[in-house]
Amino acid sequence: MATLNASDWDRNKAGILLQRAGFGGTPREVDSLAALSPAEAADFLLGPARLVSPEPPSFLEESGMEEALKAERAKMDSLSDSAKADARREVAQYLRANQGRQMTELRGWWLKQMAEPARATREKLTLFLHGHFATSFEKVRSPYLLYQQNSLFREKGYGMWSDLVLGVAQDPAMLIYLDGAKSRAEAPNENFARELFELFTLGEGNYTEKDIQESARAFTGWGIGADKGKKGGLQRGSYPSFKNMPKWHDTGSKTIFGATGNFDGSDVVRLTLAQAAAPRWITQKLWKFYAGWPAPEPLLQELVREWQSLKGEIRPFLIAMWTNPNFYDPVRAADRVKSPAEWLVGLCRQIGRPLPASALSANILTQLGQNLFEPPNVKGWDGGIAWINTSSISRRYEYGSWLVEGTQGLQKLSSLNMAKMAGESGLMKMSLPEISPEGMVTSHGAKDMDPFEKRAALEKMKEAVALSPAPVTDIANSEQRQSPEKLLATLSSRFLSGETIPEDLRARFQQAAGEKLPFTDAAVRKMILAIVQSPLYQVT
Amino acid sequence: MNDYELKTRREFLRTGLLGGSLCWTLPAFLSRTMESLHAQADGALIQGVTGRDGNILVVLQLAGGNDGLNTVIPIGNDEYRKARPTLGLPDPSILRIDPQTGLHPSLSGLASTYQDGHLAIVQGVGYPNPNRSHFRSTEIWATGVDSDKSSTTGWIGRYFDNACSGCDASVGIAMASQLPQSFTASTPKGVLYQGGGGAKKKTSKKKGIVAVDGDSSMMAMEDEEAGGEAGGSIGMLNGPGNLGQLSALDFLERTEMDAKVSQQEIAKASAKAKNSVPYPGSRLGQNFAMVSRLIAGGMPTRIYYLSLGGFDTHTQQAGAHERLLKDMGDSVAAFLADLKAQGNLGRVTLMTFSEFGRRVKENASGGTDHGAAAPLFLAGGGVKPGLLGQMPSLAPQDLWDGDVKYNTDFRSVYATILEKHLGVKSEPILRKSFPLLPAYG
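Which chain is which? The protein sequence lines are P and R, in order. Residue 1 is where the first sequence starts when you use our numbering, and the numbers rise one by one after that. Residue 1001 is where the second sequence starts when you use our numbering, and the numbers rise one by one after that.
Because the hints were derived from the structure by calculation, they are not lab data. For clarity, every value in this text was computed on a predicted model and none was experimentally measured. Hints may contain errors.
Said to hold, decoys possible - Footprint (simulated), chain R over chain P, 3 or more residues, beta carbon under 8 Å:
1. 340 to 347
2. 364 to 378
3. 381 to 389
Quick reminder that beta carbons are idealized off the backbone N, C-alpha and C, glycines included.
Please construct the entire structure, taking both the sequences and the accompanying hints into account.
Following this line, the structure appears as structure tokens:
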């Protein structure tokens, strides 16, 4: 495949790569990438092929709740029917609130991994895979299983595509999400087989309804169960894992893509990935995700050949993509729209701010249209210009103002539901409802909190939202503050690397800082804000 | 976000901002977009469909594939009993429309709409060579082209292009997080309104950090907890946007301006009006309440788009489907009653649709798999009440791969609405001529 010459590699391209391969970074990081060769830069960003596992989120360590729940449930048995229903509802409400809190922690935890410079590239791929194999908390209802799936993407993302697809086919969250866990020989469920072909591996038009039906039969028996339990299926409170249940498997002969045999799920994955449409589908999706526009036919064929010669190994394929000259096509330089996660993590990195608290960050992403672990449907996020609409662009500008200028922007944050966040961020006290033998239920959920407690939690939330202006002292030195031209050159190298600024926009950015020289911190922030609140900042 | 009082894009243009004094929120870089808008604004002076009292279409998408057979149900039908041993609704519980046909018991709201003479039920709606993929079939409904063809524009987008080329982006409002694919036009149109903004919630007038009242958002928190949608893997179903002739950057610039203009328009219109009936507290109910206020407030919007997800009921359908239908029926009934009280019922037609119906035979997980044709509802003051089309035969020899066959092309429904309600020629929009249904008096 065509490769960039070392002589064509410059700071501009290094900036584009840093943004697209990961979540952007500082001018210093761009400089050090520019000093390498293109392939070295890509390799450096990807980091070691073997995963250095991050510290897991702390909710995984929570214990004792299951025991406590069991005790409460045992007490329920002695209650009258109506009291039992009340108690059940209370417990269910507590569990939902607790899951909500764990999901918030999981989202914040993942964003933090994205913001780690040494992890950013692998996390970007993990984000791609999350959107590609979209699975939602809305149906799975288990923070633990979603974490497991997220870890699968992280661990296997650099490896062979076939291992990854097989891993997903056996992933408990996916088995729940697309009903595989309920599929049995006597009633195969077609949901997973259909989406495997249509969305994950081949694309519409490359399989028949018959292929779906026969593959659904082959997948029967792949389910979930608790390792300890004798019974198949999922028991309450246990962490389920993949389980092959031969009793549920359809052992009859199947014909899939013209081959006939007593196939199982692994066979379906093997037969599917051998289809001519398979490498075209995944290479096009990867190219589009990273480059921002679909590869036209000759380029796509080139990508497919590269993919085949690498036997579907993803890490080296990413290097090949990122060192292809087309990846830096100046005509398409402004065609890739940043996803909300990229926007938020990137902005915080560029202005040198830590990410906002988990509940806030998660909420911001939801408002911008990318609620992590809850993609809109099994197709994931459409991405590209679909990120941008009248509502999301206003919100990008509002949150941008808050992150750059701090508390001044606060009144504009009305779209955040503070009380909900206060609950999710653990500021509100929540504990298991207590069920007395008389049938009284005393709950300490957010609903029953006394007004004083509620107010206190909201006050704390306000404190969490309160933000000082972004520290810009180190972003521009005294020399760079001497003229609007110099300041804009400094800031555009940090915030708009790789983008050409049109003349009218240049004038607008320069005017934003005012006329008083040398520019103060406040004036520097004004210019940063003008950049962040511009269409150009939304693309990369 | 700024002090400008912009009412509509045309007013915005007439005030001569191009080259005038610009504050930072209306930046100079918009000029390219502005020039193209200037060209359009001339045309806008003569186009006639955008008056504040023109007719309105409200589209309600039931995303995921609504089980039509358990929505509009055949009464005393042996094939139905055989195919639906557990999911079949017992005859006495069905809300009768005529001796052979009735509505799901949770659709009492729609049944009373029918009694009031404002509901038509179109049966057996679909298209030739049905596709069972959610995404492809949604796309077919959105683009309105034959199932073996594709189109880069949606049928509503082509209505915008044909009938309202010069009007504001807010000629179409989607209560969603993404513009529906059917809105895709050669000249982008349509704005999003998010966040329910229900009648129950009061927003604090106080200036300060928290703009949301603590107590009322507490209620929102409980609402959301109670939510939990069924049919998980298909929630919202939206197609990707289309750029038309714009680059991504032009599109961004344009969207930025649409946001500024329409936000003020919407805030003004919704502040003017009140709901006169209670709505369900669900997101759908609150979205309908908002649409009603926007209509009463005089928005020049012609198309409103709402969506309810969760109809992909592969497993344990009964309870989930019942809740979804109840939410839909009660919300629609409240909306129509509110419009009646406002005196706007005659201007509005509501159309429901889903990308497909479901398999006639229930599956072993207490659910149903993807199907083909299904009924849809038309409601409003101008709609002639009754049953249109035929209830498709459920006899096994009449099925296509286990699914009912369509007898009414969905584009006949579109054509009827375009011609009889929105008052435009349907052929340029649908690219073909389709027979009209006797849905209007």
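So, going through the hints one by one against the coordinates:
1. Evaluation of the coverage hint for the stretch 340 to 347 of chain P: breached, as 0 residues show C-beta separations to chain R shorter than 8 Å, against a requirement of three.
2. With 4 residues having a beta carbon nearer than 8 Å to a beta carbon of chain R, the stretch 364 to 378 of chain P meets the requirement of three or more and the stated coverage holds.
3. For the stretch 381 to 389 of chain P, the assignment as covered by chain R holds, since 6 residues bring a beta-carbon within under 8 Å of that chain's beta-carbons and 3 suffice.
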